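> Residues per chain, in single letters:
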Amino acid sequence: MVSFEHHQPNSALLPQDLELFFDITPNLLCITDADGRFKQLNVQFSKVLGYSIPALVGQSFLDLVHSDDQVTTQQTVEHLMAHRGTPTTFKNRYRCTNGGYRYLMWTAIAPASQTTAEPVLIYATAVDITEQKQAEQSLSQERDFSKAVLDTVNTLNAHKQTEIALHYSQKTLASIFDLAGEAIICIDQQQNIRLFNQAAERIFGYKATDIVGRSLDLLLPEALQAIHRQHIAQFGMSPVASRRMGERPGQVSGRRKNGEIFPAEASISKSTTKDGLWYTVMLQDVTERIRAETAIRRSEEQLRTTTNALPVLIAYIDADEHYQFNNQAYEDWLGVPYETLKGQSLETALGPDIYHTIQPYLRQALNGQTVTFEVEFPHSVLPYRWVSVSYQPDMHEGSVRGCFALTQDISDRKAADQIKHEFVSVVSHELRTPLTSIHGALKLMTTGQLGQLEPQGQELLEIALSNTERLTRLVNDVLDLERIESGTIKMIKVRCQVAQVLQQAAQAMMSMAQTQGVTLRVVPVDTHIYADPDHVEQTLTNLLSNAIKFSPRGETVLLKAIDQPHQVLFKVIDHGRGIPENKLETIFERFQQVDASDTRKHGGTGLGLAICREIVQHHDGRIWVTSIHGQGSTFCFTLPKTSSHETHEQPPKDFVN
Amino acid sequence: MSNRRKILLIDDETDIQTVVKIGLTLNTDWIITTANSGETGLEVAVATPPDAILLDVAMPGMDGLATLSALQKNTVTAHVPIIFLTAKAQAADRRRLYEAGASGVITKPFDPTTLASQIAGFLTWTL
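Chains as they are written, first to last, in the working numbering: chain A, 1 to 657; chain B, 1001 to 1127.
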């Protein structure tokens, strides 16, 4: 520490040398007069407190002292003046320009004057101890709890003979200890148990009254007793005040009264009491936690094993379109270890082609909709060409956190479908050629232009002809149905007037109605639909043909359309024999007729309603029938008024099941 | 020189040829010539250009569309109207044939008793 020998300056040091020291010292240095007004200050005042030096000269230092410290500082200055020549050390807080305070530790002296005429000066030097002071404060807070405990322990020991004090202390102790959820066990230097709280009783199974005064060894597995004793002794000698026991949570073992060994998490601290060194062990039983963790791990492993064993692609996609889970099947598809996909964006993992194909569906799922679709990746180099995908949104408190994705390779099925469609198409086509010859030949013979047959021969010829015609219709219907189902026939949807479609269908069926003696009545409506007019007409003529066929002579078949907000409802109403209730569901299936003899009697193919259903479903419409057996049937179907793409953005429907 | 109309029928199915031939001769005085393939039909048509050609679509070798194209390219046959016989009944199939230059399309199985009037209708002939 630099000190200024004002009256006897070292003859070797010149004033400028002193100035230099004055400026380079890390301490705050100042000289004041007897009233405490600054006469000289070094630059540290400016650096530590922020003031400009010239502004301080002439000011009283007391103005800078914290109000709480002013009295003691004033007293110290008085002491200095009374004990001239004796240095004094004291602490106080100085205000900074930023409004904060710094803790300063001062050493000051008022040198004994040689002559009374000479003015009294005070020389002072200070160290900034703010950081040190703060560290001390937090340390003292940390110690508060253990100090409180030990104070109580000391009180307890000191006043053993005083029953009231004992009672009071025990209560205090109990409230502190028993509030704790952890076991708190105090042991003395001999490692005998001195305190044992309620949590400890619960965990170990001993009553405090049974165990206090006995060895800590009782709480430890036998094999570990010796080593544990050693560890505690070593800790007692180490400079560390507290530490965790064991290297990992659950590595410490405890022994219950019933002999059961359990995993625990514990820390130990030490303090000196009047009885010598005491240790406080705080311990938690982690049996349940470790069991739960093991169970979670096992169930995760099971889930992993299960999902990996399945031949479908299973994934979880987060809201940012990144994979968070993939099963092993992804390796077969993408050719990379499935674990590497976690955290990858779908665009990166799947490549731009596949990603852009599925992205519209994924966006729907991440908007909270369940999506199922089949999609083809014709240009993909990956093994799956056709896949069926299901996205199930993962909703949490009203928002979508991600989605579960189930993807299945359906390339084989699609290839088989393709072969089936081609086969049906080829067969139907090949059947038509001989049918053309048979039908043509029979037709020519029935004209009688090639000679008249006997009546029985003519009858047989008619039978041959009508059955050839039925076979032709069957072939046509099979081909039609296959083509609609396979998507070979595309529905060319346009905006069309409902009245016009109804009129055309009625026109086409007029001659059949006349032949059957049935009246056909049309109730049109001035509205439009978004549909393929040819196929709507096909649907209507199929339904009308059935209605006419099954209507008694003289009855009326009604064809009407009803305008609804987003769709048009079509109705074909007859007063025929109706459909029994148990047939209402299956009537739209292939080759399902009310009566097995219908095909023969009425010349149907059994495919008409199946075709109607396919057509309506390809328009996102619905078809159904209501009927009272014996009183007639009403066939209904709906068709949309606008394209689904117009109303809300949706992926192409062709793939959506 | 007879002013009877000459029809060339090109179809690989001889049974169908027979039915067509009988159906037409029973109802008209047209002269019917037949060919079993597109290639033969082309030769016959070039050698003796008919008034109309009935052309099957699905045939081995040169199919109906290829035969049509070859007939159109030949100046001798370019003006001869062609009516297709097809087992494909779809509107789209028919549209494709008309776009290729057909004067008419008749779907199999057809009715041989009304075939002549169908053809005459397409060609605006009077029977």
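Worth flagging that the hints you see were computed from the coordinates, not collected in a lab. Note that this is a predicted model, so its numbers are computed, not measured. Please note: incorrect hints may appear among the correct ones.
To be verified - Dumping the calculated SDA-like pairs for lysine to any residue here, alpha-carbon to alpha-carbon at most 20 Å:
id	chain 1	residue 1	chain 2	residue 2
1	A	LYS490	B	LYS1088
2	B	LYS1088	A	VAL478
3	B	LYS1021	A	SER437
4	B	LYS1088	A	GLN617
5	B	LYS1088	A	ILE232
6	B	LYS1088	A	VAL312
7	B	LYS1088	A	SER425
8	B	LYS1088	A	PRO434
9	B	LYS1088	A	GLN538
10	B	LYS1088	A	GLN418
11	A	LYS270	A	THR307
12	B	LYS1021	A	ASP477
13	B	LYS1021	A	THR433
14	B	LYS1088	A	ARG298
15	A	LYS493	B	ASP1093
16	B	LYS1006	A	GLU422
17	B	LYS1088	A	LEU303
18	A	LYS493	B	ARG1094
19	B	LYS1088	A	LEU431
20	A	LYS493	B	GLN1090
21	B	LYS1088	A	ASP477
22	B	LYS1021	B	ARG1094
23	B	LYS1088	A	GLU469
24	B	LYS1021	A	LEU444
25	A	LYS493	A	GLN617
To be verified - Facing chain B, from chain A, some residues (calculated, C-beta under 7 Å):
id	residue
26	ASN98
27	GLY99
28	HIS439
29	LEU444
30	GLN449
All C-beta atoms in this analysis are idealised placements derived from N, C-alpha and C, irrespective of residue type, glycine included.
> Each hint should be assessed against the structure and marked as holding or not.
Each hint tested on the structure:
1. A/LYS490 - B/LYS1088: Given that 20 Å is the threshold and the Cα spacing comes to 15 Å, the pair holds.
2. B/LYS1088 - A/VAL478: Distance of about 13 Å is within 20 Å: holds.
3. B/LYS1021 - A/SER437: holds, 12 Å
4. B/LYS1088 - A/GLN617: Given that 20 Å is the threshold and the Cα spacing comes to 24 Å, the pair is violated.
5. B/LYS1088 - A/ILE232: violated, 97 Å
6. B/LYS1088 - A/VAL312: Status violated; Cα separation ~40 Å.
7. B/LYS1088 - A/SER425: Between B/LYS1088 and A/SER425 the Cα gap is close to 10 Å, so the pair holds against 20 Å.
8. B/LYS1088 - A/PRO434: holds, 14 Å
9. B/LYS1088 - A/GLN538: holds, 17 Å
10. B/LYS1088 - A/GLN418: Holds: B/LYS1088 and A/GLN418 sit about 19 Å apart, inside 20 Å.
11. A/LYS270 - A/THR307: violated, 52 Å
12. B/LYS1021 - A/ASP477: It is violated: about 29 Å lies between the C-alpha atoms, which goes past 20 Å.
13. B/LYS1021 - A/THR433: Judged against 20 Å, a Cα distance of about 16 Å means the pair holds.
14. B/LYS1088 - A/ARG298: violated, 62 Å
15. A/LYS493 - B/ASP1093: Given that 20 Å is the threshold and the Cα spacing comes to 18 Å, the pair holds.
16. B/LYS1006 - A/GLU422: Not satisfied, since the Cα-Cα distance of roughly 38 Å exceeds 20 Å.
17. B/LYS1088 - A/LEU303: Not satisfied, since the Cα-Cα distance of roughly 54 Å exceeds 20 Å.
18. A/LYS493 - B/ARG1094: holds, 19 Å
19. B/LYS1088 - A/LEU431: Roughly 12 Å separates the two Cα atoms, so the pair holds.
20. A/LYS493 - B/GLN1090: Holds - the C-alpha atoms of B/GLN1090 and A/LYS493 are around 16 Å apart, at most 20 Å.
21. B/LYS1088 - A/ASP477: holds, 13 Å
22. B/LYS1021 - B/ARG1094: Between B/LYS1021 and B/ARG1094 the Cα gap is close to 24 Å, so the pair fails against 20 Å, i.e. violated.
23. B/LYS1088 - A/GLU469: Holds - the C-alpha atoms of A/GLU469 and B/LYS1088 are around 17 Å apart, at most 20 Å.
24. B/LYS1021 - A/LEU444: Cα-Cα ~11 Å, so holds.
25. A/LYS493 - A/GLN617: The given pair, whose Cα atoms are some 13 Å apart, holds under the 20 Å limit.
26. ASN98: Cβ of A/ASN98 sits 86 Å from chain B, so the hint is violated.
27. GLY99: violated, 88 Å
28. HIS439: holds, 4 Å
29. LEU444: Interface hint status for A/LEU444: holds (5 Å vs cutoff 7 Å).
30. GLN449: Hint holds; A/GLN449 Cβ to chain B Cβ min 5 Å, cut 7 Å.
In terms of the numbered hints stated before, the structure departs from hints 4, 5, 6, 11, 12, 14, 16, 17, 22, 26, 27, listed from lowest to highest.
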